[in-house]
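Protein chains: 2
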Amino acid sequence: MSLMLQEIHEQPDALERTIVAEREKVTRIGDFIRQSDIDLIVLVARGSSDNASLFGRYLLEVTTGIPVSLSAPSVFTLYGAKLRLKRALVIGVSQSGEGTDINLVLDRAKEAGAFTLAITNEPESTMAKIAHEALVIHAGREKSVAATKTYTGQMLYFYMLASAIGDMRLDFHRIPELARGALGLEDEVKAHVERYAFMDQCVVVGRGMNYGNSYELALKLMETCYVVAERFSSADFFHGPLAIVERRFPVIMFGPTGVTRQSNLELLGRLSELHADSLAITNDAEIAKQSSRSLLVPGEMDEFLTPIPFIVPAQLFAAHLSAAKGIDPDAPRSLAKVTKTL
Amino acid sequence: MSLMLQEIHEQPDALERTIVAEREKVTRIGDFIRQSDIDLIVLVARGSSDNASLFGRYLLEVTTGIPVSLSAPSVFTLYGAKLRLKRALVIGVSQSGEGTDINLVLDRAKEAGAFTLAITNEPESTMAKIAHEALVIHAGREKSVAATKTYTGQMLYFYMLASAIGDMRLDFHRIPELARGALGLEDEVKAHVERYAFMDQCVVVGRGMNYGNSYELALKLMETCYVVAERFSSADFFHGPLAIVERRFPVIMFGPTGVTRQSNLELLGRLSELHADSLAITNDAEIAKQSSRSLLVPGEMDEFLTPIPFIVPAQLFAAHLSAAKGIDPDAPRSLAKVTKTL
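Protein chains in written order, with our numbering: chain A, 46 to 387; chain B, 46 to 387.
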């Protein structure tokens with residue numbers, strides 16, 4: 046079994062460990078933030094961590110009402126800008142905690158008077174030391190080049206933070222069990238994968254809480270399957286990119302119940318007119334019915350809880366497609382685990 | 046000649062008209078913002094306008110020090126969130142000014158106490174009426190489905206605003222002339238295009254001030270040439286996506302002189318090792334030399350002034366490639382000019 050597959054399977058336990066070990070600490074940090082005059086949250090990340098942050102952006106804005114900005118590190122690292130961040134919460138997100146540019150942004154943010162947090166898998170990392178508080182993911186060392194358990198670990202922290210800062214009740218303690226249920230789709234995923242063995246390009250769409258997942262699955266398909274995978278919000282997809290869709294063009298959709306359902310159904314209708322090939326990862330019977338193929342994620346969950354259970358079959362899809370294409374997902378060509386950028 | 050090509054050629058004059066007609070107004074708005082307690086700028090847009098905003102984000106953060114957030118409209122339209130925007134400047138960017146979701150976000154922002162601006166081609170549009178102040182692009186009605194002159198018109202307004210709010214001297218009055226010079230590359234572009242007639246996928250990269258351009262060229266290639274065109278910052282491209290690059294894979298780079306030069310040269314070196322096919326749009330002799338092919342944009346300009354002159358040959362490339370592929374760029378399959386999203 047590849048390291049990637051092993052680590053995908055470790056996720057329910059890893060998520061559980063983080064909740065048990067860190068819940069009190071996050072509540073304490075949340076109380077501090079609630080009592081502060083913070084009116085901006087800035088998320089700083091690259092790669093899969095940036096995709097987790099894209100999810101965090103939606104969740105934090107919707108649940109706390111505090112505007113969120115996804116940082117452009119080069120504004121600090123290359124252009125040397127000094128931003129007004131006195132009333133900002135700046136959160137660095139990095140598996141290794143050694144991204145040079147991310148750490149430089151955190152340093153600058155501290156100088157500017159921001160309160161800083163680090164979400165990382167490595168408690169002894171540079172990032173954990175720079176930030177005022179470090180939130181450690183209890184997933185164990187991630188050995189596969191393709192991030193899986195750290196991605197969901199980062200997402201979990203956004204749930205915990207959102208619950209601690211905002212007033213919305215998020216049942217995140219149910220997520221490990223829902224993720225376990227999603228792992229039960231593995232045989233079904235394997236059966237689907239055979240059909241996509243020769244796919245060389247596709248589009249992945251998701252919206253709102255599942256927008257980050259569309260970026261993450263596209264990245265996994267690029268790095269472990271060498272598929273040219275585009276990623277869009279289902280809304281933006283109508284602005285131009287739809288023109289690339291021709292007969293049998295593969296589109297993978299994260300399509301939960303909830304507020305994005307209607308626009309996803311409209312997109313599926315349009316894709317069906319264009320004779321595209323759609324695969325939905327969903328918990329909604331109608332979305333499953335309107336797509337060419339679907340993976341129905343088990344368990345009762347509202348839209349806010351879907352992102353982690355939905356990425357699990359997507360990770361399995363990438364790992365098994367990689368194998369079906371004769372690629373080793375743990376050793377993608379041209380890549381290294383830690384990327385140093387300035 | 047296609048409407049798209051006509052409108053590409055109208056750009057230098059359109060840019061000049063906007064500067065002459067609106068410079069004073071923007072200076073007045075800038076003075077107002079400088080004296081206010083605004084500590085956040087939110088940009089709201091979709092499609093090409095969103096790509097212009099991606100440029101605006103870098104320019105405004107670097108020149109004014111005010112953090113910028115690119116709005117996720119569904120946070121307001123689908124999730125009904127109320128964000129803390131009392132000290133925010135919220136800028137809607139839309140060619141037609143009739144994007145339902147963009148207008149809803151502006152409405153909500155006004156209710157929340159934000160100061161709102163509209164950047165639009167249509168002075169009588171809904172958006173122009175909602176915003177506290179409307180900044181009108183003097184480009185004439187845009188008839189082609191593919192936005193060109195409104196994209197550069199929107200970018201120009203970010204230069205004018207940045208100059209009026211921040212302290213950095215930006216020689217934006219030179220941009221119309223530089224754009225005119227870039228149009229002189231048309232014959233060279235045509236000669237290059239023949240080689241790409243059968244390209245069906247590619248990657249477009251740019252960084253910092255030219256990051257938005259990479260999104261915009263990719264969008265143009267998708268909508269007018271049906272090419273599956275990925276877009277990345279040259280920095281993110283090393284985080285996973287590089288794995289899709291194989292021998293002869295086409296990569297188009299916006300590679301100016303200035304602070305992004307070094308990382309772009311490193312990427313070109315890596316692409317050369319992978320035997321990829323690179324085409325650089327550049328004003329730097331070394332970047333031109335290190336890429337497989339290049340379009341050398343004429344005229345003296347520092348990095349901050351490159352985005353508009355650089356997108357011009359890119360627009361020409363898309364328009365002529367569309368023709369070479371036997372497509373009508375004014376009538377892309379599956380698309381309409383105004384997209385209503387909620």
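The set of hints was computed from the structure by calculation and includes no laboratory data. As the structure is a prediction and not an experimental result, all values here were calculated from the model. Fair warning: there could be bad hints in the mix.
The list treats identical chains as one, so a pair stands whether inside a single copy or across any two.
[To be verified] Below, simulated SDA-like cross-link-like pairs (lysine to any residue); rule was C-alpha separation at most 25 Å, straight line: (1) 127 with 244; (2) 70 with 48; (3) 127 with 212; (4) 370 with 319; (5) 127 with 214; (6) 334 with 237; (7) 127 with 371; (8) 370 with 318; (9) 174 with 156; (10) 127 with 216; (11) 127 with 209; (12) 334 with 244; (13) 131 with 80; (14) 174 with 302; (15) 127 with 225; (16) 127 with 347; (17) 174 with 72; (18) 334 with 214; (19) 188 with 125; (20) 155 with 83; (21) 127 with 213; (22) 155 with 307; (23) 370 with 219; (24) 127 with 215.
Against which earlier hints does the structure fall short, listed by number upward? 1, 2, 7, 14, 15, 18, 19, 22, 23
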